[in-house]
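Asks: This is what each chain is made of:
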Amino acid sequence: MTQIKLPRHHDQETVGEALRRQGISRRGFLKFCATTASLMALPPAMIPRIAEALENARRPAVIWLSFQECTGCTESLTRSHAPTLEGLIFDAISLDYHHTLQAAAGEAAEAAREESMKENHGNYVLVVDGSIPLGNPGYSTIAGISNVDMLKEAAEGAAAIIAVGSCAAFGGLPQADPNPTGAVSVADIITDKPIINVPGCPPIPVVITGVLAHFLTFGGLPELDELGRPMAFYGQSIHDRCYRRPFYDKGQFAETFDDEGAKKGWCLYKLGCKGPTTYNACAVTKWNDGTSFPIEAGHPCLGCSEPNFWDAGGFYEALSTPTEKIARTAVYAAAAGAAVGVAAGALNAASKKRAISQHQTTTLDDLTPEAK
Amino acid sequence: MNASDWLLWARGPAFEIATIILVMGMVIRFIEILMLGRKKNLAAAKGSAMAGGLRTMVTRSVPEAGVFKRSGFTIITGYIFHIGLFVVIFLLAPHILVFDSVLGLSWPALPTTIVDAFAVVTILALIAVLVNRLNNPVKRYLSGWMDYLVWGLTILPLITGYMAFHRIGFSGPMLLALHIMSVELLMIAFPFTKLSHAFTLFLARFYNGSITGLKGVKS
Amino acid sequence: MNKAPESFPEFDIPVTVAEEFTGNVTPLLHEIRHAVQALLAEGETTTIDMRSMPLAPGEETRIETLLGEGEIRVELNALGRSDIIETRFPGVWLITHRNTEDVILGKHIQISFIPDILKAQQRDIEAGLEQLSSELQTEPVNDSGEKP
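Just so you know, the protein sequences line up as chains A, B and C, in that order.
According to the numbering used here, the first sequence holds residues 1 to 372 in order.
According to the numbering used here, the second sequence holds residues 1 to 219 in order.
According to the numbering used here, the third sequence holds residues 1 to 148 in order.
Mimicking DSS-like on lysine-lysine, the simulated pairs with C-alpha atoms at most 30 angstroms apart in a straight line are:
#, chain 1, residue 1, chain 2, residue 2
1, C, 107, A, 264
2, B, 215, A, 352
3, B, 40, A, 352
4, A, 250, A, 263
5, A, 353, B, 215
6, B, 40, A, 353
7, C, 107, A, 263
Computed footprint of chain A on chain C, listed as stretches where at least three residues anywhere in the stretch have a Cβ under 8 angstroms from a Cβ of chain A:
#, stretch
8, 47 to 57
9, 77 to 83
These stretches of chain B come out as covered by chain A in the derived footprint (C-beta under 8 angstroms, 3 or more residues):
#, stretch
10, 8 to 15
11, 28 to 35
12, 104 to 113
The set of hints was computed from the structure by calculation and includes no laboratory data.
All C-beta atoms in this analysis are idealised placements derived from N, C-alpha and C, irrespective of residue type, glycine included.
From just these sequences and the hints, can you work out the full model?
Replies: Given below as structure tokens:
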């Protein structure tokens, strides 16, 4: 786990002190730690360690930049106005800049952002959602500043960057064919800072909070996979944790959305499920606080936490099928082959005729045309 | 390129290229064979060439007693892996979906657990056949690099398919990408190697049968 | 989670639960059994996070029904309601944490003599003592509890 020197916020209050200041008892704090452990997909045995770490952690400054996004990620995270666990995490951090959530607007907001960046230079956590258009910077601007410029400036003083949502992590929907804005991911632009990708369209809210909680507790990056995603939440594929897996293994598939197989909860492979190639926590952590997830609701997984999922051949086409129109290609190839074949056949016949007229003899070499 | 990119390439452009090479190659081969024609037999017909040809297409599937005695092992293991390949390729649900997507045809699948067992047996039979080839001095002498290549290209999809189903060794996208790419390698090799026998065998059997049929000899 | 508005139409969509479960129920019960044995033998406490396992629809309810309810039911009010019940197997406690919106944040099965969270916490006791002491000092009362 990479150790990062984490934020020293200007009021120097620890998370433990901040929670106590809000009148939360030790019992309440333990409940907070227990649910945070669950959030971070850590075993309950880790709770005392988490309690100790949170007791002493400093409140990090967080700047949230929203670029070419649909705000779904922020929506996913902030579903209610009353204090929830997510809300507590946010209270435990110092969210200095966030378009949708902040009260300030216009120049005052930009001034607040610049001040926080200056004051916490090298120590703040930068959260980004939305892709960045490179085709024409004018496609997406904030206060007249292009996304790419704002990202580069903010990244310069950040301790670490969390790219929330598939757009920030991989380019997402804007990057889908034909990518009219030249959208790219955060990692395509920033190459000299640690980046955590938290993909999903949107990501499961507890996953976003879990990553923030990890920062809070351990002050460093969690273990990441080859695509920069935290292993705690993206280490298992949907397929490997799917409760319908026994049906896949036996070969019992739903053919349509409302046939007998679908009603019995059979595997959705034939309906286009991308579970086998998708890494996310949906099958275990689920959505809406553990209510359900797409497969459980009878809909195949879209693969929304993987790169290029919009262009992966169609949501309702099975993983084994080709993504192009092969039948048409085969017909053209056959036609072309026929033309070439006839030409080759004619040439063969001509050379055979010539060989006969020239009384050429057959040698051993002629009988072993294939390489030995 | 990460695993997801490989998978998209395998399911997309790579499949198209493999299809073009396979289809064009086999069509060219077929037309060349047909246009090469057969030597005209000017003797009086003592039997039906057509009947002989059609009959042989089927009867060649059962070897003669004498042939069986000499090459029993090869025939049995050969049948095992050919039947195994047929079951694995044509009776597994995800594969039937591919045929449905390309040809518009679909048929019932076998339970995946049964096909999995067939795959294991097929892999073992292929290994046995290779060991036999290496240990037999005559076969070893007759074998060229292309024979070994074809063996490798045939067993690779079975192994990668088994790995993909049982989730062994690589990430989800990579497992599927490797499997699909191994099939594409096989497809590309078809027109250029003995693998083309899969399409030409019936033609060859027909020719042989019609020659003997014309002579009035049972074949 | 906000409750649906009153005017939302009620849909009568029949929900059928697959008969075949993933089979997580029995292994979990075995795990609980081992934990109880460890508790008796070594006094070892075990906590199982129910949200860390992929459960088929209905399995969570089935587990809770199987565990049932014993002699103790405690309601904890800290950052929202938490229910701690002793199941019908003494020493096996089911803890459900909710937030102030009544949304379930976590479900744990703890095998212990008494769940840690029920014990009064050192720091809270100290804070309470401070509070009590300061109230006694600012408002002197006689033995019958009246101000003189």
